[in-house]
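Asker: Listed below are the residues making up each chain.
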Amino acid sequence: MFSWSLAARNLKRRRLRTALTVSGIVVGISMMFILLSLVSGMEAQARSMVRFLGGADITVSNSTLFRDRMGGGGFFGLPSPSTLDESIIEVISKLPGVYAISPQFSFSGSINGRRITVYGVTPSSYEIVTGGLNIVEGSFLSDNSNGEIVLGKALVNLLNITRGDTVNLSTGQGGKERIFKVIGIFETGMIFQEYAGYITLADAQNITGEHGLVTQILVKCEDPSIVSNVANIIQSTVPGVRVTTPTTAIQQATQMLNTLTMFFATIGLVALFAGSFGVINTMIMSVTERTREIGILKAIGAKSRDIMKMFLAESLLIGLIGGGVGVAVGGILAYIFPILTPGLFTISSSPFGMRNPSVGGRVMLNIRLATPAITPTNIILCFSLGALVGVLAGLYPAWRASRMKPVEALRHV
Amino acid sequence: MSKTIVRTINLSKVYRRGKVDVPALNDVNLQVLAGEIVGIMGPSGSGKTTLLNLIGGLDKPTRGKIFVDGVDITVLGEKELADYRLRKVGFVFQFYNLIPTLTALENVEVPLALLGVPKAERRERALNLLKTVGLEARADHKPDELSGGEQQRVAIARALVNNPSIVLADEPTGDLDSKSALSLMNLVKDLNKRNGQTFIIVTHDPIVAERCTKIYTIRDGRIENA
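Those protein sequences? They're chains A and B, same order as listed.
Heads up, the first sequence is in my numbering, so the first residue is 591 and it goes up one at a time.
Heads up, the second sequence is in my numbering, so the first residue is 1363 and it goes up one at a time.
It should be emphasised that the hints constitute simulated quantities derived from the structure, not laboratory data.
Here a beta-carbon is modelled for each residue, glycine too, at the ideal position from N, C-alpha and C.
You may find that some hints are simply not true.
Computed cross-link-like contacts, BS3-like style, restricted to lysine-lysine with a CA-CA straight-line distance of at most 30 Å [to be verified]:
| id | chain 1 | residue 1 | chain 2 | residue 2 |
| --- | --- | --- | --- | --- |
| 1 | B | K1551 | B | K1450 |
| 2 | A | K995 | B | K1493 |
| 3 | A | K899 | B | K1381 |
| 4 | A | K995 | B | K1504 |
| 5 | B | K1555 | A | K995 |
| 6 | B | K1504 | A | K893 |
| 7 | A | K602 | B | K1504 |
| 8 | B | K1576 | A | K602 |
| 9 | B | K1541 | A | K995 |
| 10 | B | K1551 | A | K899 |
| 11 | B | K1493 | B | K1551 |
| 12 | B | K1450 | A | K602 |
| 13 | B | K1541 | B | K1551 |
| 14 | A | K995 | B | K1427 |
| 15 | B | K1481 | B | K1441 |
| 16 | B | K1450 | B | K1381 |
| 17 | A | K602 | B | K1555 |
| 18 | B | K1381 | B | K1481 |
| 19 | A | K893 | B | K1541 |
| 20 | A | K766 | A | K743 |
| 21 | B | K1541 | A | K899 |
| 22 | A | K899 | B | K1450 |
| 23 | B | K1576 | A | K893 |
| 24 | B | K1422 | A | K684 |
| 25 | A | K893 | B | K1427 |
| 26 | B | K1365 | B | K1381 |
| 27 | A | K893 | B | K1493 |
| 28 | B | K1576 | A | K899 |
Here are the in silico distance ranges between beta carbons for each label pair [claimed, not checked]:
| id | chain 1 | residue 1 | chain 2 | residue 2 | range |
| --- | --- | --- | --- | --- | --- |
| 29 | A | R603 | B | S1540 | 55 to 61 Å |
| 30 | B | E1483 | A | L985 | 31 to 37 Å |
| 31 | A | R603 | B | E1486 | 54 to 60 Å |
| 32 | B | Y1377 | A | S613 | 41 to 47 Å |
| 33 | A | L610 | B | T1579 | 33 to 39 Å |
| 34 | B | T1366 | A | K602 | 34 to 40 Å |
| 35 | A | L610 | B | G1496 | 42 to 48 Å |
| 36 | A | S595 | B | E1486 | 14 to 20 Å |
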């Protein structure tokens, strides 16, 4: 029918009123879109953080966490993680619900003079427990690797290293040194995570001299739902250990995220709700103004359904424009907002739960949790939300229009 | 002999104004033959428009029956009445009553669109009718760019586009100068002769009355010369 072109022309005829009505929807939709983009962004960051934290269900470490490593010395004499005896591996692997475990020895080292975090891992079990690293070039270590290292992309870019090069890894000033061959490069998407290198557990223990010791034991459970149970069992069975799960590690971030989500969702919905009253108001005015037109259309044979469609098309159009503009405005604001309020949208984190300048410096540790992610799902969702508000707000005015008696409507001047 | 196209039996309409009943039509018995141009005259408030609205299915009588082409339209539901108006009746109003946002051509297309006629076909049929009423050159103009006479011609084209059995006109020349009124009535006569369409015209205008084949006068809700 003429529904669409009539709707478009009537909206055009009252440009200012249409623009104002649409802005009501735009405010609500852009709010919702900012929110959804930020949450999607945070989710992506949280996912890669879980991966960074080992990707394991549970991380077991010494309860004292840090110890003073005398070997470091000088200004850079930084604490390193406390160690656990390898015998604990055996104990934990026999506990119920444990699917696989992988021991790890991490320490603060330097490559060609640049401070990095070094992880000594058992390649096969590491891949089972954590799902492995995202290797973008070359390959990961194998269980019988010796003198081979896998480095982060940011690090190789910084030091101008390419795959196949050899690097000089030392355990710190005055510490032991050894030549390693770069066999692979990994990427995490978060720069501070990429100032790191992976070698085999045996190489790590040899270079540090800490034979038979590990700093963390990564655990994968038989089922994700039993993670907290297994964590409790480990905590109560093995003395002197600290048990962390990625869930608890990112809980703080999630909590802040949830508060923020609720805050925005409420504002967005309230704004959208208020905007919908604008649409109802405009549509009722439009129906009243065009009473005579409704009478004419009914006189020449339009059914109530035709009239209803005509006005619903108009309010749907308002909703669609509002949704479209709202998504565009929200998309722009989602990028501008975090830049304007850096404090609100960043959290600090380091591999060991505190600021550790040795891992690329303080700035690197400010994770921008609020990098927005503009996903097709969010665009479709917000656009549909605008359309939905348009239709819902148009229902009553359209129904009122459709119920008019032709004779009375024609008498209207 | 021509067949009866409209027949009213004891048609009565009473309006309620607050607590008072105001009779508008009183036992009207009217018979219109196919192909006639019937003029309905009478002082204002006599019930002319009420009669027209009842025949056109825009309003429901308080009492009595209306047969159009043998069908009693007083028993039809709202949806069926809309369909009746769409297919059987064409309306022409005093103040043209075109849709202001649509062009002349689109205004003529509306009844076809309501019938679900595909776009290309309705374009063609509407354009043909605009040609008949002499307005093909003004097809893309909006109502406010047309003179009163032109708007009324568009309204007649719109009333005729679905090939209705009857065309109902309420003071069609009431807002036109005598020259436009004359040319409009010549058009009506012409269309009537060509297609045999029945016209029922409520009017005060002698120019119209002169060109009707039959005149009825209504006074106080009753037909005086039936």
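Asker: Okay, which hints does this one fail, numbers in order?
Answerer: 2, 3, 5, 8, 9, 10, 12, 16, 17, 18, 19, 21, 23, 24, 26, 28, 29, 31, 33, 34
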